[in-house]
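Each step along the sequence shown adds one to the number in the working numbering, with nothing skipped, and position 108 is 108.
Calculated from the structure, these hints are not laboratory results.
Pair ranges (Cβ atoms, derived):
(1) P106 x K195: 44 to 52 Å
(2) P106 x A58: 17 to 25 Å
(3) V122 x H197: 33 to 41 Å
(4) T36 x N102: 25 to 33 Å
The calculated lysine-lysine pairs, modelled on DSBU-like cross-linking and capped at a C-alpha distance of 35 Å, are:
(5) K84 x K199
(6) K213 x K199
(7) K147 x K14
(8) K187 x K86
(9) K14 x K84
(10) K147 x K213
(11) K186 x K201
(12) K147 x K86
(13) K86 x K186
(14) K84 x K147
(15) K213 x K195
(16) K147 x K186
(17) K147 x K199
(18) K86 x K45
(19) K187 x K147
(20) K201 x K84
(21) K84 x K45
(22) K213 x K186
(23) K84 x K187
(24) K14 x K199
(25) K86 x K199
(26) K195 x K147
(27) K201 x K213
(28) K186 x K14
(29) K84 x K195
(30) K86 x K201
Predicted model only: the values in this text are computed from it and were never measured.
Glycine residues also receive a C-beta, built at the ideal position from the N, C-alpha and C atoms.
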Amino acid sequence: MTEQIDEYLSFSDKINDYVSAVMIANNIGYEEYNHTYVWDFIQSKGVAIRCFPFYGVARERISGMIVRDSLETTIGYNQNMSEKRKNFTISHEITHYLFHMNEENPIFMDTKKSLHYSYNEVLHEFQANIGASAILIPDVVLFRHLKNGWNLTQLSTQFGISESALYIRLIQTMQAYFGVNFIAAKKNADTIRYKFHGKGKLAATELGTNLEKHLIQTNRFIEAL
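Whole structure, please, built from the sequences with the hints as guidance.
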């Protein structure tokens, strides 16, 4: 588990640094952030994002893919998915583009299963899922809104990411940054998700405050944001 947490921390820092740099370049504060800033920047580098209908078995199994050929680099996503799954899939493929794609690996195809891969299954898919979540709502934005008392429904609606993805993010973040075990992290995440009008709001604001303090020490872009 320590190895998995170390990998989460390492890759989360990489993708959050990247998104923070995009925010600074575009003069975006946490209040104005939207994932389309990152998507637009990637498209400006010559990456096309296109929807495809997919039929038959492919319609049910394929979420998205990224392919590089002599003409262009194309991110394709399944148009039959929900908007939040489309957002996650496109951001997942963007992470492949930024960190995994090279001459030896010119194509990545992702299914519903690969969007839930753990560290022990396929490392680059585990990283791409971390990246997708961070592109949709980077740490600096997530922690500030938690600190300000936002619940998962508000965050999900505002940033186009599913509540389930946010729930997983909270558990992983608490394990990684505070060294708590899975059971304790899940218990606190459950309180935030399911008991917000009771103890959940206080738990969210305390977590956001503590995470933001940690971020000040680890994110080299934080003062500019």
